[in-house]
Amino acid sequence: MNKCNPLIGQKMREQVSRWFTAEPLARFTGMFIDDKLRESIKFGQLTVIHYKMFGGSGDEVYAAAAAVELFILASDILDDLQDQDAPAKPWMQVPQSAAIHVASSLLMLSQQAMMECTTDNKVRIALAEMMNTQLLQAANGQMLDIMNFAMDEQSYLEVVKQKSSALLTFACMTGVILAGQPQQSIVADYAAEIGTAAQLRNDLRDLLRWDEKSDFLQRKHTLLTMYLLESLAEGDRWILDYFEGRLSIEDIESNRERFAETCERTGTILYGSVMSRMHYNRFVELLDSLQEASPWKTSFLQILNQEIA
Amino acid sequence: MLKETIRQLVNSTEKMSMAMGGQLQLAGVSAAEQKALLGELNNKKEKNSGYAYMWG
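Taken in order, these protein sequences are the chains called A and B.
Under the numbering used here, residues 1 to 309 are what the first sequence spells out, in order.
Under the numbering used here, residues 1 to 56 are what the second sequence spells out, in order.
The hints are simulated quantities; they were obtained by calculation from the structure and are not laboratory data.
Certain hints may be false.
[Stated by the list, open to error] Which bits of chain B does chain A cover? Going by a derived footprint, with three or more residues having C-beta under 8 Å, they are:
#: 1; stretch: 12-25
#: 2; stretch: 28-38
[What the hints assert, rightly or not] Partial list, computed: chain A residues near chain B (C-beta under 8 Å):
#: 3; residue: 88
#: 4; residue: 89
#: 5; residue: 92
#: 6; residue: 262
#: 7; residue: 265
#: 8; residue: 273
#: 9; residue: 286
[Unchecked claim] In silico BS3-like cross-links for lysine-lysine, where the CA-CA straight-line distance does not exceed 30 Å:
#: 10; chain 1: B; residue 1: 15; chain 2: A; residue 2: 297
#: 11; chain 1: A; residue 1: 3; chain 2: A; residue 2: 89
#: 12; chain 1: A; residue 1: 220; chain 2: B; residue 2: 35
#: 13; chain 1: B; residue 1: 44; chain 2: A; residue 2: 297
#: 14; chain 1: B; residue 1: 15; chain 2: A; residue 2: 213
#: 15; chain 1: A; residue 1: 161; chain 2: B; residue 2: 15
#: 16; chain 1: A; residue 1: 122; chain 2: B; residue 2: 3
#: 17; chain 1: B; residue 1: 35; chain 2: A; residue 2: 161
#: 18; chain 1: A; residue 1: 3; chain 2: A; residue 2: 297
#: 19; chain 1: A; residue 1: 89; chain 2: B; residue 2: 44
#: 20; chain 1: B; residue 1: 3; chain 2: B; residue 2: 15
#: 21; chain 1: B; residue 1: 35; chain 2: A; residue 2: 89
#: 22; chain 1: A; residue 1: 297; chain 2: A; residue 2: 213
#: 23; chain 1: B; residue 1: 35; chain 2: A; residue 2: 122
Glycine is no exception: its CB is placed at the ideal position from the N, C-alpha and C atoms.
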C-alpha cells in the first residue's frame with residue numbers, strides 16, 4: 001500500500017496550491033505536509049484499502065485519502081500544541097499563532113477536499129454526515145483526554161473509543177462510502193478495536209519513558225497508571241505520593257530505574273500488553289468474518305503494523 | 001479477574017512457568033483474555049526480552 005503515498009501526497013499539495021493563496025499559509029503548510037509524508041500516512045492508506053475492499057476502482061479515492069490526511073495533520077498539530085511536547089516538529093518551530101492558524105485552516109481544507117473528491121451528490125452528503133459525526137466524537141474524546149477526565153478503567157476505555165477509534169472509523173468509512181456502499185457497522189466495530197489496541201500500545205510506551213511525554217510524570221490517568229497504583233507494595237509508596245501531588249518531580253527524578261522495575265514487578269507491562277493484544281485479536285476476528293476483506297487482509301495488517309511515529 | 005491472575009503470575013515464578021507452558025488452569029479468565037495472555041507470554045518466551053509492544 002505504500003505505493004499510494006505519493007498519490008495521496010500529491011493530492012494534499014494540490015489542495016493547498018488551490019485554496020491557500022496567502023504565501024505564508026501555503027509555505028508553512030507545505031513544510032508541515034513534507035514532514036507528514038516522511039512519517040506515516042496510514043489513515044489515508046486505510047481509506048484506499050477500504051475503497052478497494054468494497055468494490056471501488058477509480059482514482060477518486062486518492063483525493064478522499066488526502067482529505068483524511070489533511071484532517072489528521074491538523075489534528076497532529078493541535079495535539080502537539082496542546083501537549084507542548086514535540087519541540088522537533090516543524091509546527092513547533094514557527095510562531096504559535098501561525099501554527100494554530102495553519103491547523104484551523106487545514107480543518108476547513110479537509111472538508112473542502114472531501115466535498116470535491118466525488119461528483120455524486122448522494123455520496124458527497126453521506127461523506128459529509130459521516131465525517132462530521134466521527135470528528136465531533138473525536139473532539140469530545142480529545143477534550144476528555146486533555147482534562148484527564150477518566151477516573152476508572154471503563155471511562156478510560158470510553159475516552160479512547162471516542163478519541164482514537166472515531167478517527168480510524170472516519171478513515172475506513174470514507175473508503176466504504178466512496179465505493180458506493182452504506183456505512184458498515186462491522187467496519188466501525190473493528191476500527192474501535194484497532195483504535196483501542198493502538199492506544200494501549202502507545203500507553204505502554206508512554207508509561208516507561210522518562211521525559212515530558214511520560215504519562216506517569218504527567219500524572220495522567222490511563223489504564224496502566226490505574227493498574228499500577230492498585231498494585232503497589234509498601235516500598236512503592238513514593239509512586240502514589242508523586243501521582244497524588246505529595247512529592248514533586250524533583251523529589252523523584254532519579255527514580256527512573258526503580259519505576260521501570262516496579263512496572264515490571266507489578267505486572268503493569270504485562271497487563272497493558274495483554275489488553276492491547278486482546279483488542280487486536282478481536283479486530284482480526286471481526287476482519288476474518290468480513291468476506292470482502294479476505295483478499296486484502298495481508299495488506300491491511302501491513303498498514304497497521306507499520307511503525308507509528 | 002485478569003488483573004488478579006496477572007498479579008499472581010508475576011508474584012510466582014512457578015505459576016508463571018506453568019502458564020508459559022500452557023499447564024496452568026486460568027479460572028475466571030475469559031477465553032479472549034486467556035488467548036491474549038498466552039500470546040504475550042509466548043511472545044516473551046520466544047524473544048526472551050520484554051513484553052511485545054508490537055503484535056507481529
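Hint consistency between residue 161 (chain A) and residue 15 (chain B) [alpha-carbon to alpha-carbon, up to 30 Å]: 34 Å, violated
Would the pair residue 15 (chain B) and residue 297 (chain A) pass a check requiring their Cα atoms to be no farther apart than 30 Å? With a Cα-Cα distance of about 36 Å, the restraint between residue 15 (chain B) and residue 297 (chain A) is violated, given a limit of 30 Å.
Are the Cα positions of residue 15 (chain B) and residue 213 (chain A) separated by 30 Å at most? 35 Å, violated
Close enough to count: is the Cβ of residue 265 (chain A) nearer than 8 Å to one in chain B? With a closest approach of 6 Å, the residue 265 (chain A) hint holds.
Residue 88 (chain A) as chain B interface residue, shortest Cβ-Cβ below 8 Å: 21 Å, violated
Do three or more residues from the stretch 28-38 of chain B put their C-beta atoms closer than 8 Å to C-beta atoms of chain A? holds (count 5)
30 Å Cα cutoff - pair residue 3 (chain A), residue 297 (chain A): 17 Å, holds
Satisfaction of hint between residue 35 (chain B) and residue 220 (chain A), Cα-Cα up to 30 Å: Holds - the C-alpha atoms of residue 35 (chain B) and residue 220 (chain A) are around 29 Å apart, at most 30 Å.
Hinted contact residue 286 (chain A) with chain B - closest CB pair below 8 Å: It is violated, given that the least Cβ distance between residue 286 (chain A) and chain B is near 12 Å, above 8 Å.
Using the nearest Cβ pair, does residue 273 (chain A) come within less than 8 Å of chain B? Since chain B brings a Cβ to about 4 Å from residue 273 (chain A), closer than 8 Å, the hint holds.
Is the interface hint satisfied for residue 92 (chain A)? The criterion is a beta-carbon contact with chain B at less than 8 Å. 25 Å, violated
Using the nearest Cβ pair, does residue 262 (chain A) come within less than 8 Å of chain B? 11 Å, violated
In this structure, the earlier hints numbered 1, 3, 4, 5, 6, 9, 10, 14, 15, 16, 19, 21, 22, 23 are contradicted, and the remaining ones agree with it.
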